[in-house]
Structure formats: structure tokens, C-alpha cells
Amino acid sequence: EDQVTQSPEALRLQEGESSSLNCSYTVSGLRGLFWYRQDPGKGPEFLFTLYSAGEEKEKERLKATLTKKESFLHITAPKPEDSATYLCAVTGRGSTLGRLYFGRGTQLTVWP
Amino acid sequence: GAVVSQHPSRVICKSGTSVKIECRSLDFQATTMFWYRQFPKQSLMLMATSNEGSKATYEQGVEKDKFLINHASLTLSTLTVTSAHPEDSSFYICSAARGPNTEAFFGQGTRLTVV
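If you're matching them up, the sequences are chains C and V in order. The first sequence begins at 1 in the numbering used here and counts up by one. The second sequence begins at 1 in the numbering used here and counts up by one.
Pulled out of the complex, with its shape left as it was, chain C reads as follows (with noise of 0.2 angstroms):
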């Protein structure tokens, strides 16, 4: 059965303070990993999707990394509207490539 566990759950940095996210994940054959933001009360916002081992992606203050076991989105000085949730996703082979198994995500919280 396909898992996703993030972690941590919630993560709480200064302005300008850089850290990062994990995602480990267990899947028969992994076809795509993905990372979403979410807002509150809002649908998830897409961010990157990786595809295989070593292969790395960024968006502004984002990075995203793969391994065969984990993912970690890197955030780089980060801003108070950096604040949501961020989650990750699986998807393994032979389903369609939106057909996603979550975790439950990380709350990260930037203060001035």
C-alpha cells in the first residue's frame, strides 16, 4: 500500500530563517512526487513534480529533491507569505499520473 508520511508537522521560522521540509514515501514503483501549498480553506496550489532519483527543481525560495526513499523541499530565506501548508504526493506506476496518494502535510508558520 502506498504511504506518505511528512514530516514535520508543523515548523514555525523566523523571516529569513532556511530550512526544510520531508517527505518519505513507500510505493510500488513511484511514477511522479509531487508538492502542493495549500491555504487555508483553499484547494492545493502546484508547486513541482519529480520523476526520478537525484532529480531536483526550483521555484523562487523552493527547492525540491528526490531520493529513492524521500523527498525534502528546501525553503530559502523564507517570507511571512511563505505561511501555509505544504503537501506532498505520490503516485505510483501504472495509475494515471493525477491519481495521488497525500501526506498530511507540514504547517509551516514565518513570523517577522
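Source of the hints: derived by calculation from the structure; they are not laboratory data. There's no promise every hint is true.
To be clear about the criterion: a stretch of chain V counts as covered by chain C if any three or more of its residues have a C-beta under 8 angstroms from a C-beta of chain C, and this derived list gives those stretches [to be verified]:
| no. | stretch |
| --- | --- |
| 1 | 37-45 |
| 2 | 102-113 |
No farther apart than 27 angstroms at their CA atoms in a straight line, the calculated lysine-lysine pairs in the DSSO-like style are these [stated by the list, open to error]:
| no. | chain 1 | residue 1 | chain 2 | residue 2 |
| --- | --- | --- | --- | --- |
| 3 | V | Lys-66 | V | Lys-20 |
| 4 | C | Lys-68 | C | Lys-57 |
| 5 | V | Lys-14 | V | Lys-66 |
| 6 | C | Lys-68 | V | Lys-66 |
| 7 | C | Lys-79 | C | Lys-63 |
| 8 | V | Lys-14 | V | Lys-64 |
| 9 | V | Lys-64 | C | Lys-42 |
| 10 | C | Lys-42 | C | Lys-63 |
| 11 | C | Lys-79 | V | Lys-41 |
| 12 | C | Lys-57 | C | Lys-42 |
| 13 | C | Lys-69 | V | Lys-41 |
| 14 | C | Lys-63 | V | Lys-55 |
| 15 | V | Lys-41 | V | Lys-55 |
| 16 | C | Lys-68 | C | Lys-42 |
| 17 | C | Lys-79 | V | Lys-66 |
| 18 | C | Lys-57 | C | Lys-79 |
| 19 | V | Lys-20 | C | Lys-42 |
| 20 | V | Lys-66 | V | Lys-55 |
| 21 | C | Lys-69 | C | Lys-57 |
| 22 | C | Lys-42 | V | Lys-66 |
| 23 | C | Lys-69 | C | Lys-59 |
| 24 | V | Lys-20 | V | Lys-55 |
| 25 | C | Lys-79 | C | Lys-42 |
| 26 | V | Lys-66 | V | Lys-41 |
Quick list of simulated restraints, FRET-style, between CB atoms [claimed, not checked]:
| no. | chain 1 | residue 1 | chain 2 | residue 2 | range |
| --- | --- | --- | --- | --- | --- |
| 27 | V | Phe-39 | C | Glu-55 | 28 to 34 angstroms |
| 28 | V | Thr-80 | C | Glu-56 | 39 to 45 angstroms |
| 29 | V | Ser-54 | C | Glu-1 | 23 to 29 angstroms |
| 30 | C | Gly-16 | V | Gln-29 | 39 to 45 angstroms |
| 31 | C | Lys-63 | V | Ser-15 | 43 to 49 angstroms |
| 32 | V | Thr-82 | C | Ser-18 | 45 to 51 angstroms |
| 33 | V | Lys-20 | C | Glu-1 | 28 to 34 angstroms |
Remember, predicted model here, so these are calculated numbers, not experimental data. In this text, a Cβ means the ideal position worked out from N, Cα and C, and glycines have one as well.
Mind docking chain V on chain C? Use the hints.
Structure of chain V alone, referenced to chain C:
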């Protein structure tokens, strides 16, 4: 872009009644749409996958007679919660994909409260 819109964003209904939620892809044709449910501080749980013109595929443990899904066109899928009860209160979110090998984009979600 890839914009997915859900309607309504919030709905309150009485116990025993049915409520319909719409999911539309506004600027692309979606051959596949997905429905998720999210309880407070929990992850999104996939309920079902719908393909245009065919019956939806439900995840294990999801009652297909209670959660009716229709994907009648390439831009619209609907989720009907039948005979709703307070335990059905949740945040329902849809996503839509152009095809089986493309990423899905999410709607803004619908907060359902059954009283």
C-alpha cells in the same frame, strides 16, 4: 493556464437531503477528474476517479451509492452527496487532468456542512 473551478464554495444542507457539487475545467478539456475529501488537519483522501463518458472508479471504502459522480462532458464533473448526514460534513476538492499522463490541477474546494 489550467484553471479548475468548483461550485459552490460553501454549502449547508439539512440531514437527509442531497447536495450537488460541480467541478469545471475552465480553459482545458479534462478527460479525467478526481474527487477528494479532506477532514480538518488530515490529508486529502482520494474518493474516486472519473473519466468522461464512463462510470467512475471508487476507492476502497467509498460508498458509490452515497457519492454519485457524473462526468458527462470534458469540462464538467459533478459529485452528489445523497441522503447527507452530519458525518459527511467535510471539505471536498476536485482535480482535473487533460489526460492520464498529465498533472492534475485542483479546484478551490467546497466546504459541506450537514446540519
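Point to revise | 27 angstroms limit on alpha-carbon distance, applied to hinted pair Lys-63/C and Lys-55/V | key: 39 angstroms, violated
**Study point:** Satisfaction of hint between Lys-63/C and Lys-42/C, Cα-Cα up to 27 angstroms
**Key:** 23 angstroms, holds
Review point. Regarding Ser-54/V and Glu-1/C, is the given constraint of 23 to 29 angstroms on their beta-carbon distance met?
Key: About 26 angstroms separates the Cβ atoms of Ser-54/V and Glu-1/C, which means 23 to 29 angstroms holds.
Review point. Given the hint that Lys-69/C pairs with Lys-41/V, does the C-alpha gap stay at or below 27 angstroms?
Key: 24 angstroms, holds
Check your understanding: Is Lys-14/V within 27 angstroms of Lys-66/V, Cα to Cα?
Key -> 16 angstroms, holds
Check your understanding: Are the Cα positions of Lys-20/V and Lys-55/V separated by 27 angstroms at most?
Key -> 17 angstroms, holds
Exercise for review: Given the hint that Lys-66/V pairs with Lys-41/V, test it: the Cα-Cα distance must not exceed 27 angstroms.
Suggested key: Judged against 27 angstroms, a Cα distance of about 24 angstroms means the pair holds.
Review point. Are the Cα positions of Lys-68/C and Lys-57/C separated by 27 angstroms at most?
Key: 16 angstroms, holds
Review point. Given the proposed pairing of Lys-14/V with Lys-64/V, does the C-alpha separation stay at or below 27 angstroms?
Key: 21 angstroms, holds
Check your understanding: Is it true that Thr-82/V and Ser-18/C lie within 45 to 51 angstroms of each other by Cβ?
Key -> 49 angstroms, holds
Point to revise | Whether chain C covers the stretch 102-113 of chain V (at least 3 residues having a Cβ closer than 8 angstroms to its Cβ atoms) | key: holds (count 9)
Check your understanding: Quick one, are Lys-66/V and Lys-20/V close enough, alpha carbons at most 27 angstroms?
Key -> 12 angstroms, holds
In this structure, the hints that do not hold are numbers 6, 14, 15, 16 and 17, in rising order.
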